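2 protein chains.
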Amino acid sequence: MQLLEDRILKDGNVLGENILKVDSFLTHQVDYKLMKEMGKVFADAYKDSGITKVVTIEASGIAPAVYVAEVLDVPMIFAKKHKNITMTEGILTAEVYSFTKQVTSTVSIAGKFLSADDKVLIVDDFLANGQAAKGLIDIIQQAGSEVVGVGIVIEKSFQDGRSLLEEQGVRVTSLARIAKFENGQVVFDQADA
Amino acid sequence: MQLLEDRILKDGNVLGENILKVDSFLTHQVDYKLMKEMGKVFADAYKDSGITKVVTIEASGIAPAVYVAEVLDVPMIFAKKHKNITMTEGILTAEVYSFTKQVTSTVSIAGKFLSADDKVLIVDDFLANGQAAKGLIDIIQQAGSEVVGVGIVIEKSFQDGRSLLEEQGVRVTSLARIAKFENGQVVFDQADA
Numbered sequence: 001m002q003l004l005e006d007r008i009l010k011d012g013n014v015l016g017e018n019i020l021k022v023d024s025f026l027t028h029q030v031d032y033k034l035m036k037e038m039g040k041v042f043a044d045a046y047k048d049s050g051i052t053k054v055v056t057i058e059a060s061g062i063a064p065a066v067y068v069a070e071v072l073d074v075p076m077i078f079a080k081k082h083k084n085i086t087m088t089e090g091i092l093t094a095e096v097y098s099f100t101k102q103v104t105s106t107v108s109i110a111g112k113f114l115s116a117d118d119k120v121l122i123v124d125d126f127l128a129n130g131q132a133a134k135g136l137i138d139i140i141q142q143a144g145s146e147v148v149g150v151g152i153v154i155e156k157s158f159q160d161g162r163s164l165l166e167e168q169g170v171r172v173t174s175l176a177r178i179a180k181f182e183n184g185q186v187v188f189d190q191a192d193a
Numbered sequence: 001m002q003l004l005e006d007r008i009l010k011d012g013n014v015l016g017e018n019i020l021k022v023d024s025f026l027t028h029q030v031d032y033k034l035m036k037e038m039g040k041v042f043a044d045a046y047k048d049s050g051i052t053k054v055v056t057i058e059a060s061g062i063a064p065a066v067y068v069a070e071v072l073d074v075p076m077i078f079a080k081k082h083k084n085i086t087m088t089e090g091i092l093t094a095e096v097y098s099f100t101k102q103v104t105s106t107v108s109i110a111g112k113f114l115s116a117d118d119k120v121l122i123v124d125d126f127l128a129n130g131q132a133a134k135g136l137i138d139i140i141q142q143a144g145s146e147v148v149g150v151g152i153v154i155e156k157s158f159q160d161g162r163s164l165l166e167e168q169g170v171r172v173t174s175l176a177r178i179a180k181f182e183n184g185q186v187v188f189d190q191a192d193a
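Line order of the protein sequences matches chains A and B.
The C-terminal position of the first sequence is numbered 193 in my numbering, with every residue numbered one higher than the one before it.
The C-terminal position of the second sequence is numbered 193 in my numbering, with every residue numbered one higher than the one before it.
These are calculated hints, taken from the structure and not from any lab test.
None of these values were measured; they are calculated from a predicted model.
Incorrect hints may appear among the rest.
[Claimed, not checked] If you want a taste of the chain A side facing chain B, the calculated C-beta under 10 Å gives, among others:
| hint | residue |
| --- | --- |
| 1 | Leu3 |
| 2 | Val66 |
| 3 | Val74 |
The C-beta atom is built at its ideal place from N, Cα and C for all residues, glycine as well.
Bound conformation, chain A alone:
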């Protein structure tokens, strides 16, 4: 997605070896216009797939996911990373290891929001090692729902998340694919949409 790649080049900051900071438009301050455009592109890619639910994970996935849900006219569910006293029963969980934060957390979705009739599009901000998306796929499959695809805003194509998901037979649609960081600059691969 050209608009996104242009924005990454303009406002993204490469930190160290492999961190891209996009806190001015995605992960902290959010540009709703860009989110809305991304929502259209994701929704268009899956418009003939019969999607019934969009699933993301708190917190940076929520803004892009709700705009995808709007265009597809379906509910959005955000998985929880933290325990909540009002979540008491019927909770589906998966353990997710974050290489960035170096902690394992329990990701959860209330089972009542997913059924065997659901066809799910996962949306998330980043794909690197694929651990978060893998955890979401695990939870969605526990509910008997079908994972149709994973929509990613920014993929680090030099890490193995994409192949991990494709090995599970899940379609991956990334709006920006980073081939490498070179002298503190982002070098893109051809994106999926």
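Got chain A sorted already, so can you dock chain B onto it with the hints?
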């Protein structure tokens, strides 16, 4: 807001003495249509206030806040509840005690996203004791920005959050105000919008 009150009566669940669970449309599964309508109502209430930024706190505030930002055509910022390795410098913080979770957490916003020229509308899902909103006001004022108002989806009017914020001279706009829970049912006060 009639649409919201009707939805709370239809799909909200009262747990114990003072917990209202709205996980089917706001705090876990999200109804984008309702978020969009709420965004319009909040934006209309502040359309003449010269708002330049909408600020919320992860995670349940993000979906309503981004739709407010869309109507007002301004950026949305979501404050972080957890430390992040890519947030390194110029971070403004406040300590926030959650009576629900019984923990104190450090809420933060990168100072570079707020300036003395900013007029801020805070948006959050719940107002009870007002601790989260108070922390956000503290951070926004540290940046030299003006807090024009606080837009709340569901206010527990029997707790003291509203008076705490109004004592600071901040306008509070709640779309649903809960007077009390009676026999497991929600009894509303007159809402602000």
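Right, here's what the structure says about each hint:
1. Annotation: interface hint on A:Leu3 violated; nearest CB of chain B at approximately 16 Å, more than 10 Å.
2. For A:Val66, the shortest C-beta to C-beta distance to chain B is roughly 5 Å, which falls under 10 Å, so the interface hint holds.
3. Interface hint status for A:Val74: upheld, as the beta-carbon distance to the closest one in chain B is roughly 9 Å, under 10 Å.
Checked against the numbered hints given earlier, the structure breaks only hint 1 and satisfies all the rest.
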